[in-house]
Every structure is written in structure tokens, then in C-alpha cells.
Amino acid sequence: MASINEAIGFLASRLRQIGIFIALLVIVILFQVLTGGALLQPNNVSNIIVQNSYILILAIGMVMVIIAGHIDLSVGSVAAFVGAMTGVMIQSWDFPWWAAILGGLVVGALVGAWQGYWIAFVRIPAFIVTLAGMLIFRGLTQIVLGSRQITPFPTEYRALGGGFLPDPSGGTSYLEWVTVGLGVLATLFLVVGQMRQRAARVKLNVEDEPLAWFITKLAFMAVLILGVTYLLSSFRGTPIVLVVLGALVVVYSAVMNRSVFGRHIYAIGGNLHAAELSGIKTKWVDFYLFVNIGVLSALAGIVFTGRLNSAGPGAGNLFELDAIAAAFIGGAAVQGGIGTITGAITGGLIMGVLNNGMSLMGVGTDYQQFIKGMVLLIAVAFDVMNKRRAARSSK
Amino acid sequence: MNQNILEMRDITKTFPGVKALQNVNLSVARGEIHAICGENGAGKSTLMNVLSGVYPHGSYEGDIVFEDGVVTFGDIRDSERSGIVIIHQELALSPYLSIAENIFLGNEQQKNGWIDWQKTNLEAAKLLARVGLKDNPVTKISDIGVGKQQLVEIAKALSKEVKLLILDEPTAALNDEDSAHLLDLMRHLKEQGITSIIISHKLNEIKAIADSVTILRDGRTIETLDLKTQAVSEERIIKGMVGRDLESRYPDRTPKIGDEILRIEDWTVHHPQESSRVVIDNAHLNVRAGEVVGIAGLMGAGRTELAMSVFGRSYGAGISGRVYMHGKEVKTHTVRQAIDHGIAYATEDRKKYGLNLLEDIKRNISAAALGKLAKNGWVDGGKEIVVADEYRKSMNIKAPSVSSLTGKLSGGNQQKVVLSKWMFADPEVLILDEPTRGIDVGAKYEIYTIINKLAAQGKAIIVISSELPELLGICDRIYALSAGRITGEVAIKDANPEILMQYMTQEKE
Numbered sequence: 001m002a003s004i005n006e007a008i009g010f011l012a013s014r015l016r017q018i019g020i021f022i023a024l025l026v027i028v029i030l031f032q033v034l035t036g037g038a039l040l041q042p043n044n045v046s047n048i049i050v051q052n053s054y055i056l057i058l059a060i061g062m063v064m065v066i067i068a069g070h071i072d073l074s075v076g077s078v079a080a081f082v083g084a085m086t087g088v089m090i091q092s093w094d095f096p097w098w099a100a101i102l103g104g105l106v107v108g109a110l111v112g113a114w115q116g117y118w119i120a121f122v123r124i125p126a127f128i129v130t131l132a133g134m135l136i137f138r139g140l141t142q143i144v145l146g147s148r149q150i151t152p153f154p155t156e157y158r159a160l161g162g163g164f165l166p167d168p169s170g171g172t173s174y175l176e177w178v179t180v181g182l183g184v185l186a187t188l189f190l191v192v193g194q195m196r197q198r199a200a201r202v203k204l205n206v207e208d209e210p211l212a213w214f215i216t217k218l219a220f221m222a223v224l225i226l227g228v229t230y231l232l233s234s235f236r237g238t239p240i241v242l243v244v245l246g247a248l249v250v251v252y253s254a255v256m257n258r259s260v261f262g263r264h265i266y267a268i269g270g271n272l273h274a275a276e277l278s279g280i281k282t283k284w285v286d287f288y289l290f291v292n293i294g295v296l297s298a299l300a301g302i303v304f305t306g307r308l309n310s311a312g313p314g315a316g317n318l319f320e321l322d323a324i325a326a327a328f329i330g331g332a333a334v335q336g337g338i339g340t341i342t343g344a345i346t347g348g349l350i351m352g353v354l355n356n357g358m359s360l361m362g363v364g365t366d367y368q369q370f371i372k373g374m375v376l377l378i379a380v381a382f383d384v385m386n387k388r389r390a391a392r393s394s395k
Numbered sequence: 396m397n398q399n400i401l402e403m404r405d406i407t408k409t410f411p412g413v414k415a416l417q418n419v420n421l422s423v424a425r426g427e428i429h430a431i432c433g434e435n436g437a438g439k440s441t442l443m444n445v446l447s448g449v450y451p452h453g454s455y456e457g458d459i460v461f462e463d464g465v466v467t468f469g470d471i472r473d474s475e476r477s478g479i480v481i482i483h484q485e486l487a488l489s490p491y492l493s494i495a496e497n498i499f500l501g502n503e504q505q506k507n508g509w510i511d512w513q514k515t516n517l518e519a520a521k522l523l524a525r526v527g528l529k530d531n532p533v534t535k536i537s538d539i540g541v542g543k544q545q546l547v548e549i550a551k552a553l554s555k556e557v558k559l560l561i562l563d564e565p566t567a568a569l570n571d572e573d574s575a576h577l578l579d580l581m582r583h584l585k586e587q588g589i590t591s592i593i594i595s596h597k598l599n600e601i602k603a604i605a606d607s608v609t610i611l612r613d614g615r616t617i618e619t620l621d622l623k624t625q626a627v628s629e630e631r632i633i634k635g636m637v638g639r640d641l642e643s644r645y646p647d648r649t650p651k652i653g654d655e656i657l658r659i660e661d662w663t664v665h666h667p668q669e670s671s672r673v674v675i676d677n678a679h680l681n682v683r684a685g686e687v688v689g690i691a692g693l694m695g696a697g698r699t700e701l702a703m704s705v706f707g708r709s710y711g712a713g714i715s716g717r718v719y720m721h722g723k724e725v726k727t728h729t730v731r732q733a734i735d736h737g738i739a740y741a742t743e744d745r746k747k748y749g750l751n752l753l754e755d756i757k758r759n760i761s762a763a764a765l766g767k768l769a770k771n772g773w774v775d776g777g778k779e780i781v782v783a784d785e786y787r788k789s790m791n792i793k794a795p796s797v798s799s800l801t802g803k804l805s806g807g808n809q810q811k812v813v814l815s816k817w818m819f820a821d822p823e824v825l826i827l828d829e830p831t832r833g834i835d836v837g838a839k840y841e842i843y844t845i846i847n848k849l850a851a852q853g854k855a856i857i858v859i860s861s862e863l864p865e866l867l868g869i870c871d872r873i874y875a876l877s878a879g880r881i882t883g884e885v886a887i888k889d890a891n892p893e894i895l896m897q898y899m900t901q902e903k904e
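Chains as they are written, first to last, in the working numbering: chain V, 1 to 395; chain F, 396 to 904.
Pulled out of the complex, with its shape left as it was, chain F reads as follows (with noise of 0.2 Å):
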């Protein structure tokens, strides 16, 4: 037997015009928990496409060697039979089927073609006590949370008898705590004898739990590392994804702050389905000129919530407190509203919340100030492509032109694309709620800076984030969230990882 479950051998992948992958390798032995590495575009995503069959067999050149032989998989249940079983970053179940249901879709249990509803129950029952899931299996998909949705995709690869099973980005939507509980399961099926292969850019995350490491850049192979035998530092993954050396993860900044510009009291929100659960308490905070304020809290805190309802009353139902800007009370009970009075907000979700992605940069970049580039409801087309080259250039979207579709730039652009449109509306308070999700390291750097160079203008700044390290390393200030209540605010000479997680886990006396 080999000692390697899979090896990919010089796998070279064309698109019209590019060279996605170019001789890349991969070896994963049997039993071991691989990481791959690599910025956006690196080739991370192609690379497991052409493994699972996504790309068909003759559409790419080099040979995929899995157990025991070269494999030729058509398509996705080719591998799949093979005991290849891919976990994607967007999930793939239904929401309004039970958890056994979403197990068993496609591979039912059944009698004569008559699904057999004890036996489904029992063994998802069985299958979710392998993945440390309580709930009833008959609970829908929607009642759950994404970290348990996760759970419930690996017990679906689990009864699809899986060998080697791919995460590509499993806790990109998850909080620390439901984070920290996958990386655990993923030991314990390692226990089981299943290899897996994760994808991720988090880095900690990587050094926690792979044996080894392959990094891609460009396309091609850079190096493979072991993390057993060798100690491997964090900086040392970033020099290979990145190919040189980043000094530090955070920008300097020098801040300097200035008069308060927005102030929050009282605010207290409604769920808007469940009119008497409080999703957010009594909340109280403020944000100056040229600060940066950090929003840390786990998921469901509210801290998206907070930031929504503020925002024209985006979120919730039963709103009540009031909203100052420069001191003086305003309205903000519309979208409309608060833009005029100056707050903007970049949503989590880009692709649901803030992008149409049948448009082109030019018209993203537009959408929240029209009316800036428009005389009598008509609008300034030639003005419209000056202004949205500008952003193009100096926040360095990588496009051929402002005339291209948003839906087919990487996360990095498309979210320079979303800070674009709200630079252009030009407000004085900007929400950022997760701005570096999904994204890589090096454009992360990019967007630091840019909240950087927006703080040193002037503007107020706050940031929500699920990474402590990056709160810590980009605000002045930082409030804590935990189950809608503010229960804690730190400046950044106080702060560290262990008092917010404090404030943020603390519970209602």
C-alpha cells in the first residue's frame, strides 16, 4: 500500500487566456490533516475543482493518483463514489429540510423507493453523534446555526463513507468557539483513519492543526512544509504566499483623534419575528474623528444587528434610543437618512448585501451617491468612469477596466469595490462589518491601509471583526459585545485577547 493517499502530479489547467494551475503537486499521506495555502487566485479553489471532478478528466493535464491508482473522475459523483468528498465554502443544504433529510439527500434511505423515515432518523442520529451534534436529527436546517450547518455537511460527507474529505474555508463563518469545536472534530476523524485536506487563511488555525502544509502561488507549487517535525512560523507561511517577507500584518498608524462625531444611547432593538426577544440591550457608544473602534463579540452577539439598526433601521422591529451626530440628535430611521446625514455601512455579505454582480465596477461604485454624479435625475455617464478609474487606481482593484462585471473579481477586489462605493458617498462615520472576510493576506494588508488613510482624513471608523488579532492590531478603542449588551470598552493600550474574550463571553448577572 502507498504511503500516500493522493498525489497529484503536474497538474497544468488552462482557461481561455490563463494558466490557473501550471505543474502543480500535491502529496497527502494517508491519515494526515494537509493544510493548502495561497492567496486569492492562488489556485487553491481550481486545484481541489480538478480533484473532486468538478473539472472532468481530459480538461486538465498530469495525473491524480488516489489509493492505488490513477483516477479519472467525470464529475463530482465519480469522486464522491471514490470516497472524495468536498465541503464548499458556501454550504450546500436545504434549508427547509430536516438535518436527516439534508444527510440523505441524494443517497436516501430507502425500500422499494419509499424512503424509510426510522431508519434515515436513526442513522443520522448516529452519524451526528460522531460530529458532537446534539440536536434532533428532524430539526430543520434553518433552525440551526452555521456552525452546527457545518457539522451537519461532515456528517453528510461521513455517510458517504468518505477517505479523504476537502474543507475549503470551513470557519471562515464561524466564531471562535464553534471554530475551536470543528478543529477538534477534524482530530478526531484524523483518530478515525480520514485524511482531510483544508483550505484555509487562517493562519493559527493551520499551525493548530495540520501535519503539513502546501503553499500555491500564482498557480504553481511553492513549497510543501511539515509541521510535525519542524517548527514553522506564522511569517514563514506568509513569505511563501505572499513571496516576500511582510514586515508586519498591521499598517503603522499614527492616530489622532479628534472631536466625538457619532454617539449611540439607549439603543435597544427588537427581534423583528419575535417581537418580544431583545437583540440588542441598552447599548451606549460613541466614535471620534479619526478613530478607529473595534466591535468584538461572538456570533449572535449582535453585533451585525447593532450595526443595521443603526443604519436605517435595516434590522429589527420595537427600535427605540437615539442617534447624535456631531452632538445634535438626528433621524436615521431609513437608509436614506443616514447616508444623508453621514454614516455609511459595508456589509459582511458583499455578494447578498453589497454588490449587484451584474453589474460593473463603475455602477457598484456609484449605486449609494447617484445622485453626486446626476443633474435632474440624469445621470453623468462620462463623469461616472473618471470617478470610478480614481477609485480603481488608487485603491488598486485589480481589473482590466471599470466597465468590468463585479461578479467576476476575487473577494479582495470585490471588497475594495464595496469601500470604493462608500468613500464615494463620502460619510463621516463608516461601518465596516467584517471587512477582511474571505479575503487573503496580502490584500487584507490593503484594506488596513485604507482604513488607515480614511481615519487619518478625518473620518470615524468602526470595525466589526470575528478576528481578535485584527482588532487589536487596527483600533483605538474597542467595545465588547455579548448577547446584545455592551458589557465592556477597552483602549488599546489595555487590551489583549483574554480580557475581551472575557468581556465578550460574560453573561447577564
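If we strip away everything but chain V, and leave its shape as in the complex, we get (with noise of 0.2 Å):
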């Protein structure tokens, strides 16, 4: 009986990380059935995949910002740039795909700089640099292109945003193995790391997960990865943007989580003046903060370009709001100080699966948005009831 007690008293205090994957799961299972099964039909799922990759790069960086308690208006803007200028390098000055690729990296780095110097060391509100920036970056595109799209861009370029893994049996066998076997192996990683980080917590003495949620949860998780695995390898394999994304989801969670610079980012957010007083360069951490997401708007702006083999002017326009709005329906806090890596991922599932069910039902664009700002308000009023509710029974 106790246990029992202490189980449902552990699910409650994890109320919000579990609510978020269970509205996730009732989502999908809802358009599953509203659309007669085609949402989760192998190609829907590549699809749904491939066309939130961007926004689901552009919520790695924003949810970190939040964090600190700042927020970045110009990432659709950014990312636009940065298309237009590889573009521009790959078409004007003859660079090969992958120079073009590093050079809008190097760009979007560039253009953090410039935005975390403001934001850093002048002192102004990431909300007004940002907002600038979202005018300053959108007018530079069209000034880089004046009127005109640029396209096509070659086939390795384009193979980030819209290609997939190669099949060495050239498409003849029912499962594809490269995907089979990529979706095992980040099984077992997952697995194993969990029961590793387990172990060690329990022999310390800190574990307060009851072995059998643990269970639950990471089967469940198997499951997932291995029936996206299944649906991927019956369709056209592992999209390569996939890979690049679980690849974020990793390093970033494990730098949230493990390194100084996550922690300093936490600390910031958290208590501007107490990490002050820490000793913790808290306008370094927030410069780094912005060339960060600068890059990982560079990123996002090559994976669209080269999935719609052109960049123009109106590219990326309003991402930034699906990449806020993808960290606060994944629990991050306004005030800053709270907020993960997979949340904000979660978030943006939330955000790609209503779309696209949407879609496919044929639900107009009017009653989508409605639908996704409703979605956006609960989850923020979910989040703001339940610390009151926490704050009031712990008076």
C-alpha cells in the first residue's frame, strides 16, 4: 500500500514531463483514428518527420534561451539569411555543397555574435535585439536575393533537408537494415544508458523512481523508437535530417544536463543575481546562448532550404513562433529557469502531429491556427495551475 502511495506521489511530482508525452500519445492515437489510420501510414510519418525537422532544430536553441530567460524573435529571419547566403555561395561564388553548408554555419555563428554582443555586454533586452534582428535579417535577405529565388541547389546539399540514408539492397528487400539496424542500436543505447544512470543513482542512495515506472517508461520508449523504426524501414529508410536531429537531441540533453555551461545556463535563469554572485560569467553564458542559436538557425535554414530546393525571400517566416510555442507547450517556464531539451522536442511533435493530422483531414488553415493557439494556452495554463496548486499545498 505504501509504495503504491509513494508511486502515485512520484507520478504526481513528474505530473508535467508525463502529462506532455501522454497528450503527445492521445494526439497521434486521435488522428489515427479521425483520419481512418492514414497519420500514421509509413510515408505520413517520414513526412511529419522531415517537414518539423527545422522547427524542431530551431526549439533545441530556443528552449535553452527560455531558460535563461531570454527569447529569440529572429530565428525564421536567421534562417532565411543563412539560406539565401548559401545560396548566393554556392551559385555567385562557385562553392561546393559542403563549403556553402560550413559557410552558413559560419554565417549564422556571425550573426549570433552580433546579436548576443547587444544582448550580453550592452544590456538590452534579448527581446528588442531580437525583434531588430527579425526586421534587420529579413531586409538582408532580400536584399542578398533581390527579387528573385535562387534554385536549384545540388543534390548533397539538398540530401540534408529531404534525403534518406542509402539502401545497400537498392529497395528490393521489405525492410530496409540500414534503418532496422540504426533503430536497434539507439535502442540498446537508450536502454543501457538508462540502466547505467540508474544503477548509479541508486547506488548512491538518490533513486526516488519506483523500479516499475522505470520499467514502464523505458519499454514504452523501445517501443516507440522500434515502431518508428518499423514505419521508416517499410517506406524509404531513415531520413538523414533524423539522424542530424537525434544526434542535437543527445548532445544538447547531455549539456543541459552535464555540463558546467547547461548548468550556468540553469543557474542564470534560475537566479540572474545569485549566479552573479556565484562567480558565474553570466554575460559570457548568455553571448554563447545566442551564437548557439544562431548556428542551430543556420542549420534549420540549410535543412529547409535544401528541402525545398530554393531559397526566397519569404522562407522561414513566422518559424520562430512554432519554435517558442514548441518550448512552452514542453513545460518551459516564461520567467525562465525550467525547461528541457526533450520537452521542448515533445512540444514540437505536439505542434507537427496537430498540423498534419489537421492536414490530412482537410481542416482548413483558419481552424488550424485557431486549434494550435488553443493548444499553446492550455498547456502554459496547465503549467501556471500546477505550480499554484504545488506552491499552495507546500505553504
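Quick caveat, the hints were computed from the structure, so don't treat them as lab data.
Do not take every clue at face value.
Unchecked claim - Ranges of calculated distance between the beta carbons of each label pair, as one might list FRET restraints: (1) Val-334(V) - Gln-897(F): 48 to 54 Å; (2) Gly-777(F) - Ala-212(V): 21 to 27 Å; (3) Asp-735(F) - Ala-132(V): 33 to 39 Å; (4) Asp-530(F) - Ala-132(V): 40 to 46 Å; (5) Lys-747(F) - Val-243(V): 42 to 48 Å; (6) Glu-629(F) - Ile-18(V): 48 to 54 Å; (7) Arg-388(V) - Asp-775(F): 35 to 41 Å; (8) Gly-716(F) - Ala-132(V): 37 to 43 Å; (9) Arg-388(V) - Lys-848(F): 39 to 45 Å; (10) Asp-511(F) - Gly-362(V): 57 to 63 Å; (11) Gln-484(F) - Val-192(V): 48 to 54 Å.
Backbone N, C-alpha and C fix where the C-beta goes; we use that ideal spot for every residue, glycine too.
Join these two chains into a complex; the hints should help.
This is the structure we're talking about:
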């Protein structure tokens, strides 16, 4: 009996994190039924991943910025600018595809350094600096492009946005084994990693997660990965961008949880004064955060440009809002200090599945906007009320 | 008419898993000043929240009888309408509004929905006169000090026709002079027939002002003592609060003082906004290994400013002067440099400047010296837990685990986390700014013990405190600060409150 109460107490304390997974699951099941099974068709799952990849990349940078107590409104414009610049590099300057991608990332870093300078050292609020950046880089995109679209791009460049890992069997086998192999590897990586972490926590006597819940969670995640693997391998295999995204999630989750830099981001967002008085170089942390989101915006711009096979003046419009929404639906706190990479990714997927599901059903963009807005509001309202309840019960 | 204005009968309040109050009884006689004492977590705030309707009727058991009948408040406005006003420790004033606007906030003096400014300011001036505040009612709140802000809160309460005024730690943030003024005002209000309840940790104040005192411990009423008719010593009250005799409020220590560690010379600091204003004026001080040095000063004397300007120039502009460690001049221009040279500063305002309340104990403890737990920029989480748990045990931090959020700890335990953080940074000089503010007697004793232990390890300790008995109880030497100048240096054997107060109030010739 006591263990059941303990388990319930634990689940309640993780309500937000679990809640968002359940929300994603419910939305997936709902649209699977409403679309008569079209949602989880192999080609559609592949589509959802590719279509949302650039928003998810942006969401990673955005949630980090939000945790530190800032915001970035310029990511859409920066993505467009970098897309345009890579186009110019390839078409006018005859850069090879890899140099253009590298050059694009460097441009992103420079843009981030520019904004980071004003935010971190001149102490202008990020809202203002990036609002200005939103206009500046949209303007620069149009100046660079004139009024034309740059197209086409080399096949290798396009692969990042729309390509798949090569299938050694030449597409003859029923299941594409590179994808299966990757899926199984990822699952093993997850299970072994989680078990090792748990063992370490148990050894230190700080584990508060009930074993049954741990196993359920792990089994669920393994089934999820293997399910997606199955669906992908019966279509065209693994989108290259999924590999990139997976690597980003793993690396950035580790950075946020285990690196000194990540800790400093949480410290700054949780209490800036205390962080300063603890000797944390808060200005440099802010600066590098914006360099980081500049690079991620550049990557998102390259992926997007590659997928469309064109760089246009209107690219990336409103990306910033989707990325911000993803972070907040994923549990980031408006005041900073709270948020996770996986939360933002889940939030981004919720938005993506909603978009895709409604499009499949033929719901107009008018209703789509309305529903997405309501989802954002409800998610944050749920957070706020949950926090208030917690505060009251701890008084 | 009932002789008691307030009776709380058998109040029981349960939170999930905890009984915060258990059959608490409180009787407050009409027109008296009634003190409530108890360690942190004894249930004082919970009891007052029940009374003022923060916890609405139905969420607790028992009856509240106010004036002549049982009352059932649904929220704070209900209780205010009946004449019960509570003034919290953290003042609820809007800094950019005027005194008058704050007084009538939510109760605007209006004509058909338009503010009647003349009436607002006129009525405010009358109320200010009643609390003895001479400032202009149109002055912004941010332009007056904490002591005066406290008085504005009381004026605001008076505007609501208060019958029962509850003050939660009203003097915690005030200097001795402002505290004395506030206590005078409470006596004055008593003459006007206003009943007051005062929650305080400062027993000398309670003895000076209260007619009776109710002691709470672990959510129960222990006793109510009548202070008018019988002589009750502070030790007697403490015994009730902690349930044991405290032989001494300050642990014994035999100082073993070594060589000088920190010396500050010609230290001058200007105000960050008004660069012509001198906040610290040519200060000299030093502290030796194993020594506990106190800095005494009234509010506004520049104690915190002195400490923070030395600690990485966290305060002030136009700073000049020299800082020596072990006789060698060092640069402390950034907090990082100061920490690297072995200086630590534990702030007076732990919630605002000391802790990340969104994070757990271990991450707060490691915050100032994360490098010690990291290799190539990656933190060793296991080691962090081990280290934090050692501090949790040795400092007696009361929490289920080092993964508990610091925002949920009591003041005393939060302070222990702040101290742990700086002990882990392993400095040679520890500057402790008001280390026992807002924490209860038992935890204070523990903090003093920790200070002694650190001194015994050869650390140099500087303690800044508003409470003279505290400085006299734990220091080896005390500097007095007045208007930014060090006006006196007294060895403990020569020190007494009178001599210190004389230095602390010394004007510039």
C-alpha cells in the first residue's frame, strides 16, 4: 500500500513531464482514428519528421534561450538569411556544397555573435535585440536575393533536408536494414544508458523513481523507437535529418544536464543575481547562448532550403513562433530557469502532429491556427495552475 | 461584549502528509498587544493565514470567534472587511506608485470611477501623521527606506479601519532606530484601541512591547504567558519555543588567531547611479586566520555595500583602494577573481541573491565551485551528490534528500545551503552578511556553531549583523561603520552595546 502511495506521489511530482508525453500519445491516437489510419502510414510518418525537422532544430536552441530567461524572435529571419547566403555561395561564388553548408553555419554564428553582443554586453533586452534582428535579417535576405528565388541546389546539399540514408539492398528488401540497424542500436543505447544511470543513482541512494515505473517508461520508449523504425524502414528508410536531429537531442540534453555550461544556463535563468554572485560569467553564457541559437538557426535554414530546393525571400516566416510555442508547450517556464530539450522536442511534435493530422483531414488553415493557439494557451495555463497548486500545498 | 476580541479554538490544519496545526488555541484580549513566538515551522504563519482567510473557511477544522460571533472568511478581503489586516514580512507595496496611491490601492478615493486626487493625498497625509511619517504623500515608494515603507503599510491598514492588526516579523529588515520607532507606534495604536498581534523572533522586542505571548511549537499551542503581571525572562520564552533549556544562546569558543589573511586599505566606493555620492569612505580593515570579525552599523551605513564592493565589485562605481591577501595585493575586480583569491560572500538576502529556488539542494551547493566537480567542462553528477549529501549531514539541513528543491526549505535550512555552497568553494575569508536574519533561535545556534567550526579550521570570518548582541556573542573584534566610514574598532573584551552604538552613530566632524 505504501509503495502504491509512493508511486502515485512520484507520478504527481512528474505530472508535467509525463503529461506532455500522454498528450502527444492521445493526439496521435485521436488523429489516427479521425484520419482512418492515414496518420501512421509509413510515408506520412516520414513526412511528419522531415516537415518538422527545422522547427525541432530551432526549438532546441529556443528552449535553451528561454531557460536563461531570454527569447529569440529572429530565428525565422536568420534561417532565411542563411538559406539565401548559401544559395549565393553556391551559385555566384561557386562554392562546393560542403563549403556552402559550412559557410552557412559560420554566418549563423556571426549573426548570433552580433545579437549576443547587444544582449550580453550592452544589456539590451533580448526581446528588443531579436525583434530588431527579425527585421534586419529579413531585410538582408531580400537585399541579398533581390526579388529572385535561388534554385536549384546540388543534390548533396538537398540531402540534408529531404534525403534518406542509402539503402544497400537497392530498395528490394521488405525492411530496409540500415534503418532497422539504427533503430535497434538507438534502443540499445537508450536502455543501457538509462540502466547505467539508474544503477549509479541507486548506488548513491538518491533514486526516487519506482522500479515498476522505470521499466514501464523504458519499455514504452523502446516500443516507440522500434515502432517508428518499423514504419520508416517500410517506406524509404531513415531521413538524414532524423539522424542529425537525434544527434542534436542527445548532445544538447547532455550539455544541459551534465555540462558546466548547461548548469550555468539554468543558474542564470533561475536567479541571475545569485548566479553572478556565485562567480558565474553570466555575460559570456548569454553571449554563447545566442551564438549557439544562431548556428542552430543556420542549420534549420539549410535544412529548409534543401528540402524546398530553393532559397526565397519569404522563407522561414513565423518559424520563431512555432519554435517558441514548442518550448512552452514542452514545459519551459516563462520566467526562465525551467525547461528541457526533450520537452521542447515533444512540444514541437505535438504541434507537428496537429498540423499534419488536420491537414490530412482537410481542415483549413483558419481552424488549424485557432486550434494550435488554444493548445498553446491550455498547455501553459495547465503549467501555471499546477505550479500554483504545488505552491499552496507546500505552504 | 466579550473581553476577548479574538478566539481561535481547536484549529487544526492539515496539508497532504503534514499536520501543520493541531488543536491550536489562541485568545487575544481586546486592546492588547499579543505576541506569537515559535521556531520556524512551528505554525505561526499557517495560523495567521487561517485567521486572515488565506486558507478559507472549510479548509481547516475548529472555530474562529472574532468580536461577537463565529466568522467564516472565504478570502483575505472578507477578513479585511471585518477589520483584520495582516502585514507580511515581505511588504506588498508597488515601488513606482506614490505613498498615497499605495495606501488606497484597491480602495481608491473616487468620484464616479475617477480618482479624487485631492482627497487621496489629503487623507493619506492624515494617515501618515497618525503613523508619524512626515514624508509627502506623493513621494514614490522606491524613494523611501524599508523602515518608512513599513509605516506606509501600517497607514494602509489604518485606512481600512483596522481592529486587529497582525504584523509578521515587522522589524526583521529594520535597523534598531526604525525598530524602536515602530514599537513606539504600536504602543500608540494600542492607546487608540487597536489590538495587535506581532510575530517576532526578537525576544527583547516582545518583552518590551507585548502584554502577553503565546508560544507555538510543532503546530501546537505550548502556553500563553502574561507579561504584564509576571516577570518572564527571555530564557523562559526560549525554553517554551525549543522545548529545552538553552544554556547559552552563543556557543563557547576559544579563539586561535593566526596571521593576517585579508587586509583592505583606502577603500572608497561611490554610488553606482549618483557618482558624486561617497558610499564607503576610505575604509581600512583586516581579518586574521581563525578570527571572527564583526561589522556593526545602522541601516544605510554601508555594511553590505562595503562587503559587496570588495567581493568582485558587485556593488558601486568609482572604486579605489587596495585588497591584500596574505600581505600580497590582489585584484578582485570580478566575482570570479574574488572567489579564486579565496574570498566568499554569503548574502543577506538569500532568496534574491543567494539561492536558485527553482533548483535542488545539490545544484545550489555546487553553484559557486562547479569547476571542482567537473572535468573538461562535464560535471560529475555522482560526485556532486556525494559532496552535497556530506554537507546535508554535517550541516544538519533538514530535507528528505539533496534533490529537494531549495524553494521548499525553511529559512534556516536555506541559510545552511548558502553556507554549504561557500564552504564547498573552500575560501580563506568568509564574509557573512546577516547570517541569521529571519531564522529561528534553534537554527541560529547551529549557524553560530558552524561559524565557530570554520574559524577553528583557520578561516577568517567577517560577520555583518544588525543585532548587537549577536556580534558581541560571537566576534573577537568589531568594527563600527557610520555613514560609510569606519568609526571605531573594538576588541571583544572592551566591547559593549553602548560603546558600539556611540561609534555607529558618530557623525562626520
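Inset, instruction - Against the structure, test the hints numbered earlier, and report the numbers of the ones violated in rising order. - result: none
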